[in-house]
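Participant: Top line first, the protein sequences correspond to chains A and B. The first sequence begins at 1 in this note's numbering and counts up one residue at a time. The second sequence begins at 1 in this note's numbering and counts up one residue at a time.
In short, the hints are calculated from the structure, not lab data. The model shown is predicted, which means the values in this text are computed figures rather than measured ones. The reader is advised that the hints may include incorrect statements.
[Said to hold, decoys possible] With a straight-line cut-off of 27 Å between C-alpha atoms, the simulated DSS-like cross-links for lysine-lysine are:
hint	chain 1	residue 1	chain 2	residue 2
1	A	K68	B	K233
2	B	K345	B	K287
3	B	K281	B	K233
4	B	K287	B	K538
5	B	K287	A	K121
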Amino acid sequence: MSDRAPAIATHSPELEHHFSSLEQQLEASVMGMWVFLITEIMFFGGMFCGYMVYRYQYYSAWVAGSQKMDFRWGTLNTIVLLCSSLTMALAVRSAQLGRRKAIVIFLLITILFGLGFLGIKGIEYHGHWAEHQFPGLNWAWPEANSHLVALFFSFYWAMTGFHALHMVIGVGLVSWIAYQAWKGRYHSAYYTPVEVVGLYWHFVDIIWIYLYPLLYLISHKHISG
Amino acid sequence: MSMATLTAPSAERENYLNQEYGIRSWLLTTDHKRIALLYLLSITFFFFIGGFFALLIRLELLTPAGDLLQADTYNKMFTMHGQVMVFFFLIPAVPAVLGNFLIPIMIGAKDLAFPRINLLSWYLFIIGGLFMLYTILTGGVDTGWTFYTPLSTQFLDTHVVAAALAIFIAGFSSILTGLNFIVTVHRMRAPGMTWSRLPLFVWSNYATSIIQVLGTPVLAITLMLVALERIFKLGIFNPQMGGDPLLFQHLFWFYSHPAVYIMILPGMGVVSEVVTCFSRKRIFGYKFMALAVIAIAVLGFLVWAHHMFAAGISLYAAMIFSLLSYFVAVPSAIKVFNWTTTMYKGSISYMTPMLYAFGFIGLFTMGGLTGLFVAALGIDVHVTDTYFVVAHFHYIMVGGMVMAYLGGIHFWWPKISGRMYPEAWGKLAALIIFIGFNLTFFPQFVLGYLGMPRRYWQYSPEFQVLNVLSTAGATILAVGYLLPMVYLLWSMRYGKVANENPWNAAGLEWMTASPPPTFNFDQTPTVTWEAYNYDELKEVPVER
Ligand SMILES: [Cu+2]
């Protein structure tokens, strides 16, 4: 009886029936997202592991492949994503303070940065495709170590491709919570979805922070041989 | 028509089964108990598909000549037997059915932390299952359940991508179930339900969830890379293009060895509950039992390369992995010793679930000890890819897990259905399964030791006697598996109505109605007692 009383006292439309308080609901949701992010680390971890094994084995091919990356685009995209993380963090802060307008504005800017990243990635992808740098489908490499550089590009497409897929899902999620925020669903006592999507967004950013040096910045002075 | 319900006053009371009717109320349910039943139906379906393949395999091996099946068809049979049984029956068996049903009740919660994600994970399972059925119906796949490269990527012309996708999707179902359990155990426990009061069933499902969450994503990306390699003709695991097949094996077994523990830890949880109840004693060494499952889950991630001793890894790596594999025996032995000690001087009643628990303890011990044989480098080289290995892992996965699963289904059947199963039939089926199992798989230890290789559709004539025994055993086993399906269905209508606690067992799940109301308890319980407080329970005669 006594442990039911607070549940009724804090009962609000956002509280799902199986939780006893909004606090418990927020804690569970945030923990759920953290556990999910751990599974994501393991998922990307498989590719990072393969990348490291072959980079160690075929270093010169990795250098040759990396030199085909335009590091200016990569750097720009890194900046774009870091900015998006800032606006995402500001959106969460606004949610905690219950400022509806600010949440919507910061989320919209985050979406713009996200789309900007995907646009730039698209330009790069187009360039690689035009230069026959897609192994299997559209591949031409003038030098002898062709199949090893193809290995590099296999990882490049797989790793950035899965990352881009996560970005697309992220933009979708942010759009959804922006719409909900615009309808006034969030206030200082309830902003769980904003917090949880924020965690996801930062995680996708961090993956890129690792992809950027691993793919774009391998020894640019080193000549392949 | 409704005679049975009319004569049973307790069936009138509102519970999770009769609260709503209609297919919609099931397909859109977020009630963990209903989702558990959805899983029960789906995995039973896949169990019989996988069993059908097994029967074809055993029929082919009745004679030394390859007469019933051609080599290619035989390859498909054992591949799909393995994939269906592992990914669509064994992995979801105890967690997704019994765990789903029981964990929230056992910790005094109204539901899992994320009921809609729970439903989503069932749908993912079904979508994965449909891909698997598509694979089966359009010609099958013959990679072996292990998808070894470059065989799976370069040389086969079967539905490798569809099968990989099926397992990829079912994998996310498993990940989401594990995620849900972890958060539920951390955040949804009733007041007073401390970690040291959790039933061991909850502990072992918690340990399983850790493996599901950490391991399954690695399998997912590995199968994805195999699919991409096939679709785009990449060379990631192809030695001709600089790729490394051993890398595939490392990544695959990084998941698939721990996956063996997904297929045994939840069974250990079931056995702990059953053994205490039918010995009327608190579990011996509760803390060690809880720590042992966590230790198995953690150590399980450090031993994967013992599947690769004959694949060309360095001798030093092999020695380390061999040693680490031996460490797993320590917590496993603790489990077995503590169950035995729990029974010592207990007042044991030989009900059906207890018979299955006996079966589990004996067969798991056999499977575990032969596991030490194959973890030893010298012996492993001798028995690699023979029937010895086949017998070893079937003792764990069928002798262990399927026994525990069936024991658990019988133990909690009154809670799930509100009816008792017929005890005599239950005992008979348990006995038939035990005999059938041993007759099927014990000869395979001998066959393997004598050198009969696995995965061939024909064999030399001197192995025939043992193979005939094995096939005869498989037939008996099949009868044993069909029986519970028949009498459990029968009991849903005609079984004796079960009261709240027909076994006079400890645990929160026995303190609510059978079947439980939708929100499990009329009011959130407050726990003031330790787990398995059988010494404090009033002795009332057990319903028989
Ligand atoms: Cu193993």
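Participant: Given the proposed pairing of K287(B) with K538(B), does the C-alpha separation stay at or below 27 Å?
Facilitator: Within the cut-off at roughly 25 Å; holds.
Participant: Assess, step by step, whether the Cα of K287(B) is no farther than 27 Å from the Cα of K121(A), and give holds or violated.
Facilitator: violated, 53 Å
Participant: Would the hint linking K345(B) and K287(B) be met if the CA-CA limit is 27 Å?
Facilitator: Satisfied, since the Cα-Cα distance of roughly 21 Å is no more than 27 Å.
Participant: Tell me if the straight-line CA distance from K68(A) to K233(B) falls inside 27 Å.
Facilitator: holds, 21 Å
Participant: Do the alpha carbons of K281(B) and K233(B) lie within 27 Å of each other, as the hint requires?
Facilitator: violated, 60 Å
Hint compliance for this structure: hints 3, 5 are not met, and every other hint is.
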